[in-house]
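Protein chains: 2
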Amino acid sequence: MIFRQLFDAESGTYTYLLASEAERNALLIDPVVEQVDRYLQLLAELRLTLCYALDTHTHADHITALGELREKTGCITIMGEFTKADCVSRRVADGEEIVLDDIRLRALFTPGHTNESFSFYLESGGERAVFTGDCLLIRGSGRTDFQGGDPAKSYDSITGTLFALPDDTFVYPGHDYKGWTRSTIAEEKANNPRIAGKSRDEYIEIMNGLDLPDPKMMDIAVPANLACGQSPFRS
Amino acid sequence: MIFRQLFDAESGTYTYLLASEAERNALLIDPVVEQVDRYLQLLAELRLTLCYALDTHTHADHITALGELREKTGCITIMGEFTKADCVSRRVADGEEIVLDDIRLRALFTPGHTNESFSFYLESGGERAVFTGDCLLIRGSGRTDFQGGDPAKSYDSITGTLFALPDDTFVYPGHDYKGWTRSTIAEEKANNPRIAGKSRDEYIEIMNGLDLPDPKMMDIAVPANLACGQSPFRS
Numbered sequence: 036m037i038f039r040q041l042f043d044a045e046s047g048t049y050t051y052l053l054a055s056e057a058e059r060n061a062l063l064i065d066p067v068v069e070q071v072d073r074y075l076q077l078l079a080e081l082r083l084t085l086c087y088a089l090d091t092h093t094h095a096d097h098i099t100a101l102g103e104l105r106e107k108t109g110c111i112t113i114m115g116e117f118t119k120a121d122c123v124s125r126r127v128a129d130g131e132e133i134v135l136d137d138i139r140l141r142a143l144f145t146p147g148h149t150n151e152s153f154s155f156y157l158e159s160g161g162e163r164a165v166f167t168g169d170c171l172l173i174r175g176s177g178r179t180d181f182q183g184g185d186p187a188k189s190y191d192s193i194t195g196t197l198f199a200l201p202d203d204t205f206v207y208p209g210h211d212y213k214g215w216t217r218s219t220i221a222e223e224k225a226n227n228p229r230i231a232g233k234s235r236d237e238y239i240e241i242m243n244g245l246d247l248p249d250p251k252m253m254d255i256a257v258p259a260n261l262a263c264g265q266s267p268f269r270s
Numbered sequence: 036m037i038f039r040q041l042f043d044a045e046s047g048t049y050t051y052l053l054a055s056e057a058e059r060n061a062l063l064i065d066p067v068v069e070q071v072d073r074y075l076q077l078l079a080e081l082r083l084t085l086c087y088a089l090d091t092h093t094h095a096d097h098i099t100a101l102g103e104l105r106e107k108t109g110c111i112t113i114m115g116e117f118t119k120a121d122c123v124s125r126r127v128a129d130g131e132e133i134v135l136d137d138i139r140l141r142a143l144f145t146p147g148h149t150n151e152s153f154s155f156y157l158e159s160g161g162e163r164a165v166f167t168g169d170c171l172l173i174r175g176s177g178r179t180d181f182q183g184g185d186p187a188k189s190y191d192s193i194t195g196t197l198f199a200l201p202d203d204t205f206v207y208p209g210h211d212y213k214g215w216t217r218s219t220i221a222e223e224k225a226n227n228p229r230i231a232g233k234s235r236d237e238y239i240e241i242m243n244g245l246d247l248p249d250p251k252m253m254d255i256a257v258p259a260n261l262a263c264g265q266s267p268f269r270s
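If you read the sequences in order, they're chains A and B. This note's numbering applies: residue 36 is where the first sequence begins, and numbers increase by one. This note's numbering applies: residue 36 is where the second sequence begins, and numbers increase by one.
Keep in mind the hints are simulated off the structure, nothing from the lab. For each residue, glycine too, the CB sits at the ideal point set by N, CA and C. Wrong hints could be hidden among the right ones.
If you anchor each label on the Cβ, the simulated ranges turn out as follows [stated by the list, open to error]:
no., chain 1, residue 1, chain 2, residue 2, range
1, A, D254, B, K224, 56 to 62 Å
2, A, E132, B, D136, 34 to 40 Å
3, A, K251, B, F38, 55 to 61 Å
4, A, S159, B, G47, 40 to 46 Å
5, B, E106, A, G109, 53 to 59 Å
6, A, L75, B, E56, 35 to 41 Å
Cut-off 25 Å, straight-line C-alpha distance, at most; resulting in silico cross-link-like pairs (DSS-like, lysine-lysine) [unchecked claim]:
no., chain 1, residue 1, chain 2, residue 2
7, B, K251, A, K213
8, B, K213, A, K251
9, A, K213, B, K233
10, A, K213, B, K107
11, B, K213, A, K107
Chain A is nowhere near these chain B residues, computed Cβ spacing over 12 Å in every case [stated by the list, open to error]:
no., residue
12, V67
13, R73
14, S124
15, D211
16, E222
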C-alpha cells in the first residue's frame, strides 16, 4: 500500500493519502481545499486515480476539498451517516467498510468533538492504523464545545472505541500543533494527559474548563463544509 | 524499530527518532534546539534512552540540539568526518555504519549543499529509508551557494550516490516547506523538477540561478552549530 501523510501548515491539518500499489487507486482523508493543486500533482506523479475523498467530520477550522476534488477528479465523497452535508455522495455507518482494492477502512462512530465524527481503522500488511480526525489527538483530544460536541461522548469514544483497538495501532490524528506526526494507542493510553489516570468525570471537567476561543475560520468553514467546501460564502 | 518523524514549524525542519523496540535505545537525526524539551518528553514517555544525536551537516537555518542533548542525556554526538564542529564526539566516514542494537545506519558522503554533508541509509524489516539532510529534498534539493556548496557535487551526490539506492527507498529529507513528509528514490528520479530529464550542466545552471536570500538565522546558526548549538553567541 502507498501511504503519505500531508500537512497543511495554515490550519495544522493532516491529510492522508492511501493507495493500492498494483491497481493505483487512491483515497484521501480530510483534504484541505487550499492544497488541491498539490494533491492533484502528487496523484499525477504517482500515477494514481483518486476514487474516494472522505472527511472524518464537519471541520470548523479549514475548508474541505471534498467538493472540489469531486469536480476535478470525479471521485466519490464520503462522510459518516450523521453528517448534515447534503452534498456527500456516500454515508457510512458504524462498522461499515470502505473497500478500495486491498485497502479496507472500517468506519468507527466516535462522537464527542462533534455529534457526527467518525474515525477510520485500517489493517494492512500486518500494520494497524486509525485515522482519528479530531476525536483523539496526540496527547490531546478535540474540543467539545460546539457542533454537538459532548465531553462525555468524547471520553466514551476514546476509551471505549479507540482504546479497544490493538495497542500497537498507529494513531494518525486530524491535527497536530507541535510537529508530532503519529502516536500509538498504547502511547495515548499511557501518556495522554487528559485521559491517562483520569476518570470520566475528571475528563468532562477538563474539557468543560478549556475555555477556548472560536476557531478563526469557524463562521466561514462550517457553512462551507456543509456544502462540501463549495458554499456561496466562499469568495 | 520505533520510528517517528518530528517537525519544527519555525524552521521547517524534520527531525527523526529511531529506536530499538526491545532494548529501548534511541538516536535522533537533525534535532533542533528549541524542541529539546519535547524530545526529552517523548523519550521519557516511550521509555527510551538517547544514545546518539547526529547532524547531517552544519545547518544554516536552525540551531542544532546536539550540544544540549549531550549535556542533558549524555548521548554521543555524531557528524560526518569533514565537519568543522570540534565539539562533535564521533565522526563517521563514507560507508561507515552507526550501529544501535538492530538498527544499522550507513553513512553516505553526499556533498554539494555543503562540503561536509552526509546522508544516512537504513535497512530495517524489509523497508529502506535514507535521511538526506538538505542534499535531496522532496521535488527539490538544498541550495549550493555557501558553506562550500557546489552544484556539480550536489548533482553527483544525488544522481550518483542517492539514486544508486533501491528505487523503493523512502526519502526522508531535512526540510519540507509544502507539508510533504516523505518520498521515494523512484519518485524523485521521475518527478524532481531539477533533476528529472535534466543534464548535469542544466542542473548546475538551475542551482546557480536560484538567487536566494541568505537564511534569516544564518549569521547566528552557523557559528552556533560549529559549537554544537552551544555558542556564546546564543543568548
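Okay, the hints, checked on the actual structure:
no.	hint	result
1	D254(A) - K224(B): 56 to 62 Å	violated (46 Å)
2	E132(A) - D136(B): 34 to 40 Å	holds (38 Å)
3	K251(A) - F38(B): 55 to 61 Å	violated (34 Å)
4	S159(A) - G47(B): 40 to 46 Å	violated (30 Å)
5	E106(B) - G109(A): 53 to 59 Å	holds (57 Å)
6	L75(A) - E56(B): 35 to 41 Å	holds (38 Å)
7	K251(B) - K213(A)	holds (22 Å)
8	K213(B) - K251(A)	holds (22 Å)
9	K213(A) - K233(B)	violated (38 Å)
10	K213(A) - K107(B)	holds (21 Å)
11	K213(B) - K107(A)	holds (21 Å)
12	V67	violated (9 Å)
13	R73	violated (6 Å)
14	S124	holds (27 Å)
15	D211	violated (8 Å)
16	E222	violated (7 Å)
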